[in-house]
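Trainee: Letter by letter, the chains look like this.
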Amino acid sequence: MDPLSDPDLSQGTTSALRLSGVAAPRRAGTSGLEGVDLEVAQGDFLLVHGEAGAGKSLLMSLAGLAVRPAAGRIEVLGLNPWRLATAGRARLRRRMGLVFQDLNLIEGMTVAENAGLPMRIAGIRPDTYRRDVAELLDWMGLGDKAGAFPEDLDHDQRQRLAVARAVAGRPEVILADEPVGWMGPEAAGRVLRLLLQLNRQGVTLVVASRNPDLAPARRRLALVGGRVLPEAGT
Amino acid sequence: MIRRHGPRLAVLVIAAAFTALAGLVGQAGMAALDRTEGWRARLAGEMTAAIRPSDPAGADAETVRATEVLAGTEGVAEVRALERTRVAELLAPWTAGARGPDLATLPRLIAVELDARNPARRQDLAEALNAAGIDAVVDDHQGWRRTAADFRHSAAVGLLAALMLCASGLAAIGALAADQDFALRRAALRTRIQLGDTPLACLLSGVGPAARDLAAGALVGGLGAAGLGVLSGLITSGISTADLIALTWRLASLVAAASLIAIVCALATAARRIQELDP
Numbered sequence: 001m002d003p004l005s006d007p008d009l010s011q012g013t014t015s016a017l018r019l020s021g022v023a024a025p026r027r028a029g030t031s032g033l034e035g036v037d038l039e040v041a042q043g044d045f046l047l048v049h050g051e052a053g054a055g056k057s058l059l060m061s062l063a064g065l066a067v068r069p070a071a072g073r074i075e076v077l078g079l080n081p082w083r084l085a086t087a088g089r090a091r092l093r094r095r096m097g098l099v100f101q102d103l104n105l106i107e108g109m110t111v112a113e114n115a116g117l118p119m120r121i122a123g124i125r126p127d128t129y130r131r132d133v134a135e136l137l138d139w140m141g142l143g144d145k146a147g148a149f150p151e152d153l154d155h156d157q158r159q160r161l162a163v164a165r166a167v168a169g170r171p172e173v174i175l176a177d178e179p180v181g182w183m184g185p186e187a188a189g190r191v192l193r194l195l196l197q198l199n200r201q202g203v204t205l206v207v208a209s210r211n212p213d214l215a216p217a218r219r220r221l222a223l224v225g226g227r228v229l230p231e232a233g234t
Numbered sequence: 001m002i003r004r005h006g007p008r009l010a011v012l013v014i015a016a017a018f019t020a021l022a023g024l025v026g027q028a029g030m031a032a033l034d035r036t037e038g039w040r041a042r043l044a045g046e047m048t049a050a051i052r053p054s055d056p057a058g059a060d061a062e063t064v065r066a067t068e069v070l071a072g073t074e075g076v077a078e079v080r081a082l083e084r085t086r087v088a089e090l091l092a093p094w095t096a097g098a099r100g101p102d103l104a105t106l107p108r109l110i111a112v113e114l115d116a117r118n119p120a121r122r123q124d125l126a127e128a129l130n131a132a133g134i135d136a137v138v139d140d141h142q143g144w145r146r147t148a149a150d151f152r153h154s155a156a157v158g159l160l161a162a163l164m165l166c167a168s169g170l171a172a173i174g175a176l177a178a179d180q181d182f183a184l185r186r187a188a189l190r191t192r193i194q195l196g197d198t199p200l201a202c203l204l205s206g207v208g209p210a211a212r213d214l215a216a217g218a219l220v221g222g223l224g225a226a227g228l229g230v231l232s233g234l235i236t237s238g239i240s241t242a243d244l245i246a247l248t249w250r251l252a253s254l255v256a257a258a259s260l261i262a263i264v265c266a267l268a269t270a271a272r273r274i275q276e277l278d279p
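Going down the list, the sequences are from chains E and Y. Going by this note's numbering, the residue at position 54 of the first sequence is 54; the numbering climbs one at a time, nothing skipped. Going by this note's numbering, the residue at position 190 of the second sequence is 190; the numbering climbs one at a time, nothing skipped.
Accuracy of the hints is not assured; some may be wrong.
Covered stretches of chain E, going by a simulated chain Y footprint (3 or more residues, C-beta under 8 Å) [as the list claims (entries may be wrong)]: (1) 64-72; (2) 134-148.
Ranges of calculated distance between the beta carbons of each label pair, as one might list FRET restraints [said to hold, decoys possible]: (3) E186(E) - L9(Y): 24 to 30 Å; (4) G208(Y) - R193(E): 51 to 57 Å; (5) M164(Y) - R131(E): 30 to 36 Å; (6) L9(Y) - A134(E): 34 to 40 Å; (7) R91(E) - A10(Y): 35 to 41 Å.
Below, a sample of chain E positions facing chain Y; criterion: calculated Cβ distance under 8 Å [claimed, not checked]: (8) A85; (9) A87; (10) R91; (11) L98; (12) Q101.
For the record, the hints were derived by calculation from the structure and aren't laboratory data. No experiment lies behind these values; they were computed from the predicted model shown. Yeah, the Cβ is synthetic: ideal placement off N, Cα and C, and Gly gets one too.
In isolation and in its complexed conformation, chain Y is listed as follows:
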């Protein structure tokens, strides 16, 4: 066997750092995407009816009537009138300028949860309220859903960019490791080629140590990212067995992907270099 030409700690550490970074970015990005998707799904499954009471004194009664009308509309699963204080909180950003707003003059909000199988349309709810003589505006959350979709898109692009950066780093360290290996083994590889070894055999034997270092680095980085993920999960909401299984799966995928990127680049670099040895 060919003796090793010194430690390759730098390759291992850099591969570990990029893999850990990819793991952390991946976990944070996936969490952001999951949350945004949850938000968007909740917004899509609900509408909000804003009741504008004609007489502040009869606002409560009108709200109750609107709730009953909405509950009886086809495609509605559940209706929930918001407390006046909660409405004040929700509308605070728009009423902050008004000192001590009279809660009675504020519109009353009713959250309408739609039937998932046969959801009511915004027009259905608006028409039902109008038919009952209630002055109301129904918001189907289009604006918020668009905002959520935009945020999700931005998060996905950001995640992709960060992962691409990590992948580029892994690719670069793979190529660098192969280049370094090649420089150390150039004479030996040239001799092997001249003795009749094929470039492929030289490639596989020559790139082995670099591949091992890169894979070990990816494993260390993946374990580091997983450890931090578990720690953050324990601190925030606890970790279930299902979470651990999902994490293990993601860890294995991450390490495999990181190793693959680095090793493919190492192989490509080594192949190019070895090709140069056969005149």
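So here's chain E without its partners, still in its complex pose:
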């Protein structure tokens, strides 16, 4: 049973993410979204799966505030981002960690600078987070690449860097679009263990993937042609 459909379970929980009747126009090669209703409680782990072009990335972009919905309402951590002023929306974004499908690494920054970017944006002094970033990069197997630039990395390493950046700022919600799609089994396992560990610590996790069995998520939703089909939790 979907935990959110159970009144006892949904009562008293604060939603990390709520989409009500959200629609977004189709983009090149993908479906648009129509009337998407979705709620993710804080600390939950939701896996959104579907075929290529089903609209997963569009859904993640909407949830990650990279795209404004054409219709409907989005709430993140109890706030309507599109009603907030620019600065308020920026603060809300800082509470989220995003792994974009196209990674969105900043080519002019080193690996360490990319990983530390959320902290830098939050106004934290580099001295304060430099060691944490180094440890995180070590854990991700990128310790020896800290001074390299993204263009010097292969796709697997780039994806690990994108995950490192998403988790580095200790976000309350992590939205990861195909976070291990290009990784080998060992690296993918390592990254998924990290994400699960963070989820156990209370971080809300939403992962989009073509693989419905990517990770032991508490909830799974199938996305077909821009529509969400609820599935039973595992």
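Model the placement of chain Y on the given structure of chain E, informed by the hints.
Mentor: Then chain Y, alone, in the frame of chain E:
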């Protein structure tokens, strides 16, 4: 730090060229305005009495008498009768048609310098001469002053137009530099916005390199204009310490104004572009 995406020599050179042009136009324009103002002030502080001698033989004596009358009039500081040859030179444009004009028949001109604190009026001088029985016309230089004022106005309009042109050029290069920077950094800025950076922070970090290039260009252009100004001063009349201080002040103002115009336009352009990144 974000690595630079190639040299921005073009931005620097164009900003320098427009600033130098503004500096040269400014120096020339200010000099023209100063000279015109000096001319107008001198014309306002003087009048000219044209004595029409009744008898050419007694013209010199009549001129001396007119000089004495004018010198004794209240509001007159100094009186100076012009030499006949000088009068002939001054009136040459009007007497050129006459071959070998008899200098004795020409009116005698007396330059009257007025007391700056209590200047005499044209009527005062005319009445004083008439009372002494001297046939004279007093010119208070109204016509010349009007011409000088018109010239000054035209010079000011021309200077303003030229400076506006330079300012537009600087504004355009500022906007272009920001646009170019934005195109290079669009992906990085979009990512920063999505990671929670504010448009203002993106703006300040993103427009920094363009601002540096523009300010450097303005400085180079300002120094170039100042160098040419010093060179022209040395060639013409020499440069004093006061001139150098004034030049330095003008240079600093020019560079500041040029940088400000270019950077404000760069900021405005970048702000508009960055705003587009936050859906």
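Trainee: None of the hints should be skipped; say for each whether it holds.
Mentor: Consistency of the hints with the structure:
1. 64-72: Answer holds; 5 residues pass the 8 Å Cβ test.
2. 134-148: Our answer is that it is violated, as 0 residues pass the Cβ test (under 8 Å) against chain Y, missing three.
3. E186(E) - L9(Y): 24 to 30 Å: The hinted range 24 to 30 Å is violated for E186(E) and L9(Y), with Cβ atoms some 48 Å apart.
4. G208(Y) - R193(E): 51 to 57 Å: About 40 Å separates the Cβ atoms of G208(Y) and R193(E), which means 51 to 57 Å is violated.
5. M164(Y) - R131(E): 30 to 36 Å: violated, 55 Å
6. L9(Y) - A134(E): 34 to 40 Å: At roughly 38 Å between Cβ atoms, A134(E) and L9(Y) fall inside 34 to 40 Å, so the hint holds.
7. R91(E) - A10(Y): 35 to 41 Å: holds, 39 Å
8. A85: Given a least distance of 10 Å, the restraint on A85(E) is violated.
9. A87: Cβ of A87(E) sits 6 Å from chain Y, so the hint holds.
10. R91: holds, 7 Å
11. L98: holds, 6 Å
12. Q101: At about 13 Å, which exceeds the 8 Å cut-off, the nearest Cβ of chain Y leaves the hint on Q101(E) violated.
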